[in-house]
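Residue numbers (our numbering), protein chains in the order written: chain A, 1 to 749; chain B, 1 to 152.
One should not assume that every hint holds.
[Stated by the list, open to error] Derived lysine-lysine pairs resembling DSBU-like cross-links, with alpha carbons at most 30 Å apart:
{"#": "1", "chain 1": "A", "residue 1": "Lys351", "chain 2": "B", "residue 2": "Lys120"}
{"#": "2", "chain 1": "A", "residue 1": "Lys598", "chain 2": "A", "residue 2": "Lys500"}
{"#": "3", "chain 1": "A", "residue 1": "Lys65", "chain 2": "A", "residue 2": "Lys214"}
{"#": "4", "chain 1": "A", "residue 1": "Lys500", "chain 2": "A", "residue 2": "Lys322"}
{"#": "5", "chain 1": "A", "residue 1": "Lys214", "chain 2": "A", "residue 2": "Lys500"}
{"#": "6", "chain 1": "A", "residue 1": "Lys308", "chain 2": "B", "residue 2": "Lys120"}
Hints listed in this document are in silico derivations from the structure and should not be mistaken for laboratory results.
Predicted model, so just to flag it, every value in this text is computed and none were measured.
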Amino acid sequence: MTHLFERLSAAARPLASRPTTSPAPTRRDVLRIVGGAGAGLTIALALPGAAPTAALAAEEADDGKTFAPNAFVRVTPDNTVTVVIKHLEMGQGVYTGLATLVAEEMDAAWEQVRCEHAPADADLYNNLFWGAVQGTGGSTSLANAFLQMRRAGAMARGLLRRAAADAWGVGVDAVDTAAGQLIHPETGERVPYGQMTARAARLRPPSPESVPLKDPEDFTLIGRADLRRKDAPEKVEGRAIFGSDVAFNGLLTALVLRPPRFGGTLKTLDASAAQAMRGVRAVFAIPRGVAVVADGFWQARKARMALKVEWDESDAVRVGSKALWDEYRDLADTPGQTFRDDGDVHAALAKAASSVVEATYTVPYMAHAPMEPLSAVALRTASGIEVRAGSQVPTLDALAIAEAAGVRPDQVTLHTLYAGGSFGRRATPDGDVVAEVAAIARGLFERGIAAPVKLVWTREDDIRGGRYRPMALHRLRGALDEARRPLAWHQRVVTQSILKGTPFESVLIKDGIDGTSVEGVIDLPYAIPNMLGDLHGPDPGVPVLWWRAVGHSHTAFAVESFVDELAHAAGADPLVWRMDLLADHPRLLGVLMLAANKANWSTPLDAGRGRGVAVHASFGSFVAHVAEVTVSASGVTVDRLVCAVDCGLPVNPDVIRAQIEGGTCFGLSAALRGRVTLDDTGKVVQSNFHDFEVLRFPSLPPIEVHIVPSAEPPSGVGEPGVPTVAPAVANAIFAASGKRLRDLPLKLG
Amino acid sequence: MVRLVINGSAQNVAVDEDMPLLWVLRDTLGLTGTKYGCGLSQCGACTVHVNGRAVRACQTFAADLDGATITTIEGLAGPVADAVRTAWIDLNVVQCGYCQSGQIMQATALLARTPRPTDKEIDAAMSGILCRCGTYGRIRAAIHAAATTLGG
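Only chain A is shown next, with the shape it has when bound in the complex (with noise of 0.2 Å):
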């Protein structure tokens, strides 16, 4: 880890050697977002004299001993092969997944194979999904890189083959190769891939597309639960290094003083006492706020407590979370903006009047607070700027670095390290902590300090840092014909749109619809014959993004609990009444039959327990969930959740249940305890793990993960297990106890 130092004291490199002449564009200019096909969103970038940072395959394999046929494999002649993953491990397994389609294909030892972080670089690692763009999110990582990855692998086979048959002097189709061996077809000798590196690094690789892919009835790695994760040796033993870890001499620490309430500026800066302080270094403002640069975090943190500002605060927020609660309910008495309309949902809310069911659904802002804070490296020198971080989307980090830092975008180079978590919270329009290191880069420079920077958020920075989950109200009104069966379905949402005001809001903003404001609503798969779904957007000015499951996080919510109200209305079970609904839907009505099998769904439970339902899809896969409550005097206790996948093809059958079981506690820590609110001033009233509560060893039930065997193509994991936890754990209270529990997080009485 000592790149970024070297490159301050030799400085002789620069980190960019292209013209200067042209002005440094700004974000707007470079990043343009057009609609594309199929995956729904296509970002187009044009950086002006923008080249890639050198692949860092290519950059090895000039030894003439490393083959890397590809930008994703290296083999070396110790017989490593690495495999380069695009996408961020933020703890999703993306290494341990993207190793496995590699592998798998190439016939390598499982052993053998390492991985490592790609550089940012968007014409060879670009989300596959998102056009141009390098990035992790969505839940597509594996889905997007599954035929890259096989592909990659392939390549790499069949050229260590033809090395392997130049050197024999035999035909190609007669080399086979097992766990990263070349096997001679005559004298059936085996030769480590390692020692035909050098041979197979001076043929010309084929295309990918080109490449034949393996049978799947040959998959030896795909779809196998026990291979170990990639990245667990280094995380048991403390060597794994995050965001927050890069450490070498000189680096500086720094922390920001951010305004008490969103939308607040400095007005005035008394630093005197602060800049007295030892170990203190600089003080200035930043766009954000007040940067404060020491040796260490304490010291800047200490120093960080001596300063002296007024806040300019006439745009800031001053609302608190009750007035906006009244105000959410006021926007739900009036129409929104209709998003589905089938049928004619008011004549039948009229004609069978007497049989509307009606109930408002609402959910909290919601912190994503991964347990690593925050954090990002940066150095600016005369010719650009370095920065390191857990960067979730580095081509959108790197323009924000840029503009931040006053260089061109070709003058940034960004290294993606580890991230202790993210949840959604690394993934930012506007780039958010690395533009902020950027800032404090930039301002150290300018100020003659010539040393690289750490910038570190205090968890109360986080939790009150704003970027949460927005909250939102859901008013439904349904109705039943004569036969009990669902005649109309209205739902009402009103919810802070996340791509207001962002890059993607051109695109994604479809008719004044966002569509992660409504997901799970507007694809409501029910069979219902009148359904009107209607969307308000109010802007509050508290800044919101992306949590796990997105939309579906409240969606689901809502549709699950208020399917299980009508059915009530109706006297039905609710798994049956779902499973009549959903018949067009095999692959929901799949999950659904195997969480309730597993969970013994017809065995009656003693008084005061019960059991709950939800079904969702999401991210292109399918969960349910039924929960098992015991609901006393002393409360709701969770015993037991059992939950059912289909995501398509398991190639990792193991990360999946990892993935699905922490969404799972996720979902329950956001249904039983997690919340953000505003007080009536419009501060954030949570700040640390003792009252931004979170789900703890003790409370966690057992859950049984039970994986859908299907040859359909991998679709996400890391998002899906969410949406349906809190609405089948307040289905299960209602079963134990009738009470009916309509916001979260869930409360008693």
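With chain A held as given, fit chain B onto it using these hints.
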């Protein structure tokens, strides 16, 4: 100046009176395996062993530790540590991994005193260490597996 034995090596370390051990480890000594998560003893990411006991380094003042023996994740060794790490890897416990230094320091301290912990004892010992990825269930299984390996 305090005298500390850190991961087996005796060192004299200059520390501020009010500086938590966490920042001595991370910033002064470069031992970044010990993590910052909250600064308030609420999350346990900074758990280390001081004289064999699991403590939260963010609320332990280095100046109070003269003569103490400190073990961090980087220096954790021995049969219990080996059994715990093997179980962690075999059961794919780790996700993001940020909390796992603290989880492993707490789990090894538990197993050193309670070779065959019950679920209730595991709950009590581990409740101070937060994980946002949802690895609690696997941690429980890995602690039981390590206990079995150790013959507890």
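Hint by hint, here is what the structure shows:
no., hint, in the structure
1, A:Lys351 <-> B:Lys120, "violated, 57 Å"
2, A:Lys598 <-> A:Lys500, "violated, 42 Å"
3, A:Lys65 <-> A:Lys214, "holds, 28 Å"
4, A:Lys500 <-> A:Lys322, "holds, 24 Å"
5, A:Lys214 <-> A:Lys500, "violated, 44 Å"
6, A:Lys308 <-> B:Lys120, "violated, 49 Å"
Checked against the numbered hints listed earlier, the structure breaks hints 1, 2, 5 and 6; every other hint is satisfied.
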